[in-house]
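Trainee: Okay, here's what each chain looks like letter by letter:
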Amino acid sequence: MSKLILTEDARKVIIKDAESTYPHECCGFFYGSDDDKRTVTEAIPVVNTKEENRERRFEISAIDYMKAEQYADENGLTLLGVYHSHPEHAAIPSEHDLRQALPYFSYIIVSVKKAKTAAVLSWKLNDQGRFEQETVINQNNPFDVDVFLSSFNQ
Amino acid sequence: MAKIIIPTPLRKFTDNQSSFQATSGNVGEALNELTTAYPGVKGHLFDDNGQVRQFIKVFVGEDDIKDLDNNATLVESGTIISIVPAIAGGCI
Numbered sequence: 001m002s003k004l005i006l007t008e009d010a011r012k013v014i015i016k017d018a019e020s021t022y023p024h025e026c027c028g029f030f031y032g033s034d035d036d037k038r039t040v041t042e043a044i045p046v047v048n049t050k051e052e053n054r055e056r057r058f059e060i061s062a063i064d065y066m067k068a069e070q071y072a073d074e075n076g077l078t079l080l081g082v083y084h085s086h087p088e089h090a091a092i093p094s095e096h097d098l099r100q101a102l103p104y105f106s107y108i109i110v111s112v113k114k115a116k117t118a119a120v121l122s123w124k125l126n127d128q129g130r131f132e133q134e135t136v137i138n139q140n141n142p143f144d145v146d147v148f149l150s151s152f153n154q
Numbered sequence: 155m156a157k158i159i160i161p162t163p164l165r166k167f168t169d170n171q172s173s174f175q176a177t178s179g180n181v182g183e184a185l186n187e188l189t190t191a192y193p194g195v196k197g198h199l200f201d202d203n204g205q206v207r208q209f210i211k212v213f214v215g216e217d218d219i220k221d222l223d224n225n226a227t228l229v230e231s232g233t234i235i236s237i238v239p240a241i242a243g244g245c246i
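As you go down the protein sequences, you meet chains A and B in turn.
For the first sequence, the numbering used here assigns the number 1 to the initial residue and increments by one for each residue that follows.
For the second sequence, the numbering used here assigns the number 155 to the initial residue and increments by one for each residue that follows.
Warning: the hint list may mix true and false statements.
Claimed, not checked - Derived Cβ-Cβ restraints for the label pairs, each shown as a range: (1) B:Phe200 to A:Ser20: 38 to 44 Å; (2) A:Lys114 to B:Leu222: 44 to 50 Å; (3) B:Thr190 to A:Asn53: 37 to 43 Å; (4) A:Ala90 to B:Leu222: 17 to 23 Å; (5) B:Lys196 to A:Lys12: 28 to 34 Å; (6) A:Ser2 to B:Ala191: 36 to 42 Å; (7) A:Glu88 to B:Ser178: 45 to 51 Å; (8) A:His96 to B:Glu216: 52 to 58 Å; (9) A:Lys12 to B:Lys220: 35 to 41 Å.
Rather than coming from a laboratory, the hints here were simulated on the basis of the structure.
The beta-carbon is built from N, C-alpha and C at its ideal position, and this holds for glycine as well.
Work the whole structure out from these sequences, hints included.
Mentor: Quick look at the structure:
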């Protein structure tokens with residue numbers, strides 16, 4: 001299982017966006033380095049441009065995607081992936097998520113139950129085009145691995 | 155000479171290069187130039203009919219080529235061509 005190190009600052013941004021956007025899905029990009037360890041140092045929310053069913057769908061505009069690539073380039077960062085939330089659903093990729101998933105990117109999904117974060121999991125396509133879960137490591141507490149998984153399973 | 159911006163997920167097919175300089179005069183030819191130089195990109199960019207894939211958009215500057223002249227859109231020296239994957243999903 002590949003590993004994704006998530007800094008506390010980036011985690012806070014993602015969780016705050018997921019909870020404040022509830023009951024709609026939030027979305028955004030995250031950046032960092034991808035040398036021997038994939039490390040997320042920064043997350044930036046973007047607008048969910050889906051006009052309908054935003055409680056179960058998200059879409060990011062092409063312009064926002066181009067800005068994300070430009071931001072990474074200008075700041076010496078790597079665009080590592082996309083996050084979004086699943087209000088009142090598990091942090092597991094749907095068929096809809098899979099259909100438009102890209103190789104290389106990590107996909108962080110936040111499960112939000114009653115406006116509170118229940119799980120933060122990350123997924124990445126394998127060589128067969130299927131999602132595999134990544135181990136999410138809290139950088140400030142390396143022993144705190146997949147910290148929300150147990151609560152999600154209860 | 156137009157500059158093609160390679161999206162991060164496709165850079166594993168371009169020797170990790172983030173951009174490609176094309177000498178062609180229109181978008182379609184420039185993209186073909188890219189896939190000739192980096193054949194691994196082709197299957198991710200074009201479908202079996204040679205058309206840009208459904209979930210990929212191509213922009214010249216900030217304009218979708220569908221709003222311009224599609225692959226025949228002319229490019230000039232300094233033109234920026236962006237390959238933009240559609241980013242979408244949802245819980246159900």
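Trainee: Give a verdict on every hint.
Mentor: Going through the hints against the structure:
no. : hint                             : verdict
1   : B:Phe200 to A:Ser20: 38 to 44 Å  : holds (40 Å)
2   : A:Lys114 to B:Leu222: 44 to 50 Å : holds (47 Å)
3   : B:Thr190 to A:Asn53: 37 to 43 Å  : holds (41 Å)
4   : A:Ala90 to B:Leu222: 17 to 23 Å  : violated (42 Å)
5   : B:Lys196 to A:Lys12: 28 to 34 Å  : violated (41 Å)
6   : A:Ser2 to B:Ala191: 36 to 42 Å   : violated (29 Å)
7   : A:Glu88 to B:Ser178: 45 to 51 Å  : holds (50 Å)
8   : A:His96 to B:Glu216: 52 to 58 Å  : violated (27 Å)
9   : A:Lys12 to B:Lys220: 35 to 41 Å  : holds (39 Å)
The structure does not agree with the numbered hints 4, 5, 6, 8 stated previously, though it agrees with the rest.
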